[in-house]
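Visitor: Listed below, chain by chain, are the residues.
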Amino acid sequence: MRHRSLLLLTTVLTTGALTLTACGSRSDDGKKSGDDGSSGTGSNITLTIGVDAPLTGQNSATGLGLQYGTQIAVDDANSKKLVPGVTFKVKALDDKALPATGQQNATALVQDSNVIATVGPLNSGVAESMQQVFATANMVEISPANTNPDLTQGKDWASGKKVRPFKTYFRTATTDANQGGFAADYAYNTLKKKNVFVVDDKQAYGAGLAAIFKGKFASLGGKIAGTDHVNTGDTDYSALVTKIKQSHADMLYYGGQYDESELITKQLKAGGVNIPLMGGDGMYSDTYIKTAGKAATGDLATSVGVPVSTLPAAQNFIKAYKAKGYPGDYGTYGGYSYDAATAIINAVKTVMDANGGKLPAMNDARAKLVDAVQKTDFDGIAGHVSFDQYGDTTNKQLTVYQVKNGAWTAVKSGVYSG
Amino acid sequence: MHTLPQQLANGLFLGSMYGLIAIGYTMVYGIVQLINFAHGEIFMTGAFGALTVWNCLPDGMNIWAALPLMLIGGAIVSVLIAVGAERFAYRPLRGAPRLAPLITAIGLSLALQQAIFVWYPGADNAKDFPQLGTHPYHLGSIAIQRNDIFLVAAAVVCMVGLAAFVRTSRTGRAMQATAQDPDTAQLMGIDTNRIIVIAFAIGGLFAAVAGVAFGLKYGQITYNMGFQAGLKAFTAAVLGGIGNIYGAMLGGLVLGIAEACATAYIANIPGMHQLGGQGWANVWAFVLLIVVLLVRPQGLLGERVADRA
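Keeping their order, the protein sequence lines are chains Y and U.
For the first sequence, UniProt numbering assigns the number 1 to the initial residue and increments by one for each residue that follows.
For the second sequence, UniProt numbering assigns the number 1 to the initial residue and increments by one for each residue that follows.
Nothing false has been slipped in among the hints.
A short, non-exhaustive set of chain U residues, derived as facing chain Y with CB atoms under 10 Å:
1) 2
2) 124
3) 126
4) 148
5) 218
6) 219
7) 229
8) 260
9) 261
10) 278
As a list, the in silico BS3-like pairs of lysine-lysine whose alpha-carbon atoms are at most 27 Å apart:
11) U/127 <-> Y/324
12) Y/294 <-> U/127
13) Y/290 <-> Y/202
14) Y/375 <-> Y/161
15) Y/404 <-> U/127
16) Y/290 <-> U/127
17) Y/245 <-> Y/223
18) U/127 <-> Y/202
19) Y/294 <-> Y/404
20) Y/322 <-> U/127
21) Y/167 <-> Y/155
Note that these hints are calculated values from the structure, not bench results.
Note that the structure is predicted; figures quoted are calculated from it, not measured.
Just so it is clear, CB atoms sit at the ideal spot from N, CA and C, and this is done for glycine as well.
Turn these sequences into a full structure, and let the hints guide you.
Guide: Following this line, the structure appears as structure tokens:
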């Protein structure tokens with residue numbers, strides 16, 4: 001009997017230990033920037049813009065795009081002296097796409113008396129856990145990537161009862177209410193797909209997007225061949241592939257990130273099911289094509305905004321990103337990260353101008369920044385930047401991309417009209 | 001239900017991999033009663049070792065020609081780490097209470113994972129692994145990958161080899177003797193330290209084969225792939241009866257098939273729609289484990305070695 005109870009004990013212990021270690025890491029980067037001094041009276045002060053995104057592991061290719069998109073905005077602001085007397089710097093924290101880690105990072109950013117506002121996070125599920133922390137501290141948070149409608153419009157947005165839960169939260173990406181509808185419309189009316197299998201990863205972003213797509217596709221008259229859910233971090237989808245094959249679906253819609261969808265599309269095609277996989281901005285990444293290889297050909301993804309490479313205003317940004325050799329994919333959220341950081345920088349200037357050219361005490365400055373960001377109105381590199389009463393961007397452009405010759409090619413841009 | 005043959009095949013492939021890893025858990029447990037939780041990471045380092053060999057080989061080399069070299073490279077890395085772990089982490093704790101080596105194993109597991117994450121170039125993202133082509137063969141209604149054929153063939157060869165080794169060779173019989181009663185075995189002139197090292201080495205070898213098979217099957221490897229695979233393989237070892245090498249393989253196959261069938265069919269049972277599908281496959285795999293342990297606490301094939309406590 002001793003053996004058996006020991007076995008049980010070890011199983012429980014290990015599971016517990018491994019769960020704890022997953023969320024037990026806390027970044028200490030903050031200590032370095034703690035003493036730079038931002039009293040607000042000196043002739044030249046340093047202000048930090050926080051960044052929170054997955055920088056290693058899952059989702060890190062697009063996450064790094066957030067960090068370095070912000071970095072370039074800050075470098076530009078410093079070299080152009082956009083805010084006289086202020087030098088900006090970036091403090092990037094890694095949330096590993098985990099909500100618990102994101103919340104720890106939010107707490108660390110709020111406690112750092114040099115951080116004026118934050119750009120991020122990447123994942124809607126992580127954003128949910130951070131919003132309250134920033135709201136309590138009156139600190140502006142602008143996400144260039146979150147698309148789940150709940151974040152700005154409340155849980156009951158679908159029934160028309162829109163309530164903004166946090167006045168400190170803004171985003172430069174449009175919502176999945178638009179994205180899911182845009183995708184469903186393209187699949188049904190342009191691709192003429194009538195029988196779609198829908199899979200999601202059970203996360204706030206993936207499940208939300210898949211549900212919106214499913215609803216819109218069915219209301220257009222399409223048939224849902226079947227639904228399933230996967231776990232993030234899964235690697236074997238062979239049983240799912242067999243199920244999809246049996247359903248005779250003519251397309252697979254996936255709500256989630258590229259880490260899982262690249263494996264799914266590979267195993268789907270390898271299993272002899274030659275239907276395209278369509279997803280959202282979470283899988284619009286060059287890493288998807290690199291990993292999935294030939295299997296990705298013909299797959300589709302919708303993403304927020306229009307392709308950065310076609311925007312005249314973004315050419316310098318792309319040049320700078322490539323010249324510096326920054327890692328990660330700037331294509332998905334890099335432009336929106338740049339604009340989010342610029343919105344913060346502009347708002348700092350507004351707050352200082354209203355205070356006679358000086359920055360108020362940090363708590364006061366953070367609070368005043370919320371109002372200044374709300375009134376944001378300028379032409380960014382990825383389009384016009386301003387926020388509606390919910391904190392959502394007024395730029396509702398979306399684009400459908402398809403993998404052709406080993407690259408994402410824009411096939412349709414537009415605005416979803418309902 | 002006409003997809004059943006395909007789903008059984010899916011489960012068989014997945015289960016073969018679980019079984020290969022589970023051998024390492026079960027052999028070490030059978031001889032030193034230690035649950036080597038670092039074994040999942042030994043599997044992972046084997047895959048990275050094989051990938052390193054592939055990257056060192058000239059570009060465009062035929063994968064079939066490279067495969068034996070990759071297996072050797074992966075095996076060297078895995079076996080060295082497994083034997084090193086035994087020598088430097090577990091042997092000093094041989095006489096210590098059971099919990100001490102167990103916690104050491106957990107620590108070692110985290111250390112190995114983080115070491116690869118930090119020091120292997122580019123390992124903070126998924127690393128691409130070469131594959132044996134991705135066009136399936138069709139056997140009736142079943143689509144089979146070349147990579148899966150390699151996996152099953154490797155599992156069969158390894159299993160038959162191990163069974164022959166344990167049954168017929170002198171060392172194999174010495175292993176059985178040590179498992180039954182280490183003290184008496186030592187009195188009979190068996191060098192038990194050597195036997196323990198061999199058990200770790202064989203576990204490492206099998207883990208490396210599984211690591212290469214994993215890379216071939218999924219086309220990518222990650223620094224944390226050993227966690228989930230290790231947990232499942234440990235489950236397979238317990239399911240089949242820990243300490244029993246045939247039980248480990250059988251447990252792996254049962255677990256793999258259970259997962260595939262849970263994904264495919266649970267949702268079709270009236271009223272169970274919400275509890276089916278891929279997202280719930282792990283839950284059903286563990287439900288199966290609990291049921292088996294309730295009915296047969298010693299696992300499917302029993303524990304050959306009686307409790308000595």
